[in-house]
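When you get a sec, could you build the whole thing from the sequences and use the hints?
Chain by chain, the residues run as shown.
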Amino acid sequence: MNSIQLTNTLPDVFKGRTDIASDVWLKDLTFEKGKSYLIEANSGTGKSSLFSFLYGYRNDYQGQMIFDGHDINHLTIQQWTEIRRNHLSLLWQDLRLFPELTAHENVKIKNNLTHFQKKSTIDNWFDQLGIVEKKDTLVGKMSFGQQQRVALIRALCQPFDFILLDEPVSHLDDTNAAIMADILKAEAKDQDAAIIVTSIGKRLDLEYDFILKL
Amino acid sequence: MRLVWKLLKRHISIPQFCGFLIANIVGMTIILLGVQFYNDIQAVYNSEDSFMREDFLIVNKQVGTLSTITGKDNSFTESELSDFKSQPFVTKFGVFTPSTFRVRAGFDIEGMTNFSTDMFFESVPDEFVDVDKSEWLFHENEHSVPIIIPKYYLDLYNFGFAQSRNLPKLSEGVLEAISIEININGNGEADTYEGTLAGFSNRINTILVPESFIDYANTRFAGNNTQSVSRVILQVDDPTDERITKYLQDNGYETDEGKLDASKTNYLLKVLLSIVLLVGLVISILAFYILMLSIFLLVEKNSTKLENLLLIGYSPTKVSQPYQILTILLNVIVVLVSVITVLVIRKMYLRLFEDFFPNMETPSTSSMWIIAIGLCVFVSVVNFFVIRRKVLSIWRSKK
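From first to last, the protein sequence lines are chains V and G.
Taking our numbering, the leading residue of the first sequence gets 1, the next gets one more, and so forth.
Taking our numbering, the leading residue of the second sequence gets 215, the next gets one more, and so forth.
The set of hints was computed from the structure by calculation and includes no laboratory data.
These numbers come from a predicted model, not from an experiment.
C-beta atoms are modelled at their ideal positions from N, C-alpha and C, and glycine is treated no differently.
Below, a list of computed lysine-lysine pairs in the DSS-like style, where the Cα atoms sit at most 27 Å apart: (1) G:K223 <-> V:K135; (2) G:K460 <-> G:K275; (3) V:K108 <-> G:K223; (4) V:K185 <-> V:K33; (5) V:K35 <-> V:K189; (6) V:K33 <-> V:K213; (7) G:K347 <-> G:K365; (8) G:K220 <-> V:K118; (9) G:K299 <-> G:K460; (10) V:K35 <-> V:K118; (11) V:K35 <-> V:K185; (12) V:K108 <-> G:K515; (13) G:K220 <-> V:K141; (14) G:K515 <-> G:K604; (15) V:K108 <-> G:K220; (16) G:K532 <-> V:K108; (17) V:K189 <-> V:K119; (18) G:K532 <-> V:K119; (19) V:K118 <-> G:K532; (20) G:K515 <-> G:K532; (21) V:K141 <-> G:K515; (22) G:K484 <-> G:K299; (23) G:K220 <-> V:K135; (24) G:K460 <-> G:K484; (25) G:K223 <-> G:K604; (26) V:K119 <-> G:K220; (27) V:K213 <-> V:K35; (28) G:K460 <-> G:K306; (29) G:K532 <-> G:K223; (30) G:K515 <-> G:K220; (31) V:K15 <-> V:K213; (32) G:K604 <-> V:K108; (33) V:K141 <-> G:K223.
Cβ-to-Cβ under 10 Å is the rule here; a few derived chain G residues that face chain V: (34) K220; (35) L221; (36) R610.
Some residues of chain G that are not near chain V, with every Cβ distance over 10 Å (derived): (37) T331; (38) D344; (39) L511.
Following this line, the structure appears as structure tokens:
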């Protein structure tokens with residue numbers, strides 16, 4: 001997947017509003033592979049909705065979203081499964097981890113599906129992000145900041161052309177945020193993938209090619 | 215898959231599944247036992263007479279003293295026959311065609327005794343004779359005729375004649391291997407045929423030969439002078455139908471009441487069995503419903519987990535699998551336990567049957583197995599698709 005194109009898109013909930021001044025909504029915009037994007041937004045401007053649309057989770061919008069020339073509204077379940085496994089990774093704002101599994105199991109459940117990362121790489125990330133001793137702790141018993149790091153590792157356990165991160169460092173200290181940025185950069189570079197990050201305040205420290213206002 | 219199962223097994227209600235298991239085992243056992251018992255009981259009936267089905271009735275006009283004295287004809291008129299045929303309870307209708315030529319038959323037993331007697335033949339339409347169609351054939355060139363004789367003849371010989379003369383008793387099997395010499399003459403012609411016993415009947419008090427033989431022989435040896443019909447054979451849907459008894463009485467016809475009773479017993483057995491099967495089926499359907507409700511509840515309670523699995527790249531097929539495997543496993547357990555229960559119960563009642571009917575052939579359990587496996591496959595396939603649909607509905611719910 002080389003490009004994600006947005007044509008005149010707008011969430012249905014904003015329909016009829018005339019005060020929309022956004023670099024994304026109601027514009028023609030293309031995200032390209034290999035580039036990095038920061039989308040800055042105020043709360044309630046549709047940041048999480050944008051990612052839900054792009055990930056095929058919701059389709060309550062007008063306009064078009066296009067992956068490599070294909071309108072995503074016409075993708076089949078099989079195609080979405082393939083895209084979510086091999087082309088598009090998403091770190092949800094609410095993480096969507098399984099609280100009844102341990103940190104390590106949450107990562108494994110994804111890697112078992114893709115067999116993308118080596119065990120040593122995963123262990124190394126746990127170590128770098130300072131949660132190695134929490135590997136066998138149930139996610140439900142971890143702090144949100146720790147959970148964010150587990151969710152990042154899980155998001156990296158698949159091949160991707162685009163990685164979407166919804167406020168990935170909202171609950172992280174600067175040191176861990178920087179480590180996270182380094183890991184992400186290295187992985188994206190390896191795969192020549194695009195990084196699209198949203199932020200409502202604290203931003204992930206990367207050299208962004210584009211900064212957009214939502 | 216282990217981790218997926220670890221997630222999805224949450225909220226599985228053991229009591230609910232036990233409830234389903236017990237209810238379905240009971241339902242399935244009743245169904246399978248009903249089927250197997252019916253097969254076994256049919257074998258008892260068939261061992262009585264394998265040539266005539268129980269729902270056939272043989273009807274003739276009453277022979278009264280007056281008719282003997284006056285020489286009144288005892289045969290059916292054309293209009294009586296067509297009226298009978300058109301009765302709503304009659305599903306098949308045929309007449310007895312008697313031979314109108316002279317027949318003399320004889321056979322040797324171990325070279326000791328030569329039996330020879332005048333006799334007669336009759337035929338009914340072949341569809342009423344329940345023997346292998348390839349055996350029940352007469353070929354003009356082969357000079358061979360299959361015969362069914364009343365079982366009483368054999369009893370008469372074995373328990374009367376052979377007993378008093380110190381002759382060997384004969385089994386049905388031995389007699390079926392003996393050939394009978396049949397001499398026929400009439401119309402200025404004579405011929406000899408070889409008769410083979412196709413079997414013995416308790417139902418018909420006559421010597422039956424194929425209809426084609428009677429037609430051929432009547433033409434050749436009797437010039438085909440048409441005979442009046444004095445007995446008819448018919449098949450009815452429901453032997454307990456009161457209209458039958460009433461019709462017979464009103465017209466002064468008679469039938470073998472004992473056979474009618476046997477037919478009634480068999481018919482009642484079928485009705486009883488249908489009720490039993492229905493009860494089993496209702497229990498099974500309810501059990502199936504419990505299982506579906508449990509699975510729906512499970513999917514509903516685990517919907518967030520299922521949704522998240524779908525969002526991290528698991529396909530609906532893969533996510534449905536654990537629940538599909540679970541239901542299939544439950545269905546297999548149900549069928550296995552039910553079949554084993556049926557086989558155990560069957561063993562017990564067969565022992566009783568054998569005391570009453572020592573000659574009874576034990577029927578196979580294949581139809582019970584086929585129904586068991588068929589139901590298991592059917593229910594599993596339905597479960598399979600219902601679960602998949604339910605998971606797909608989670609995929610679509612947010613769209």
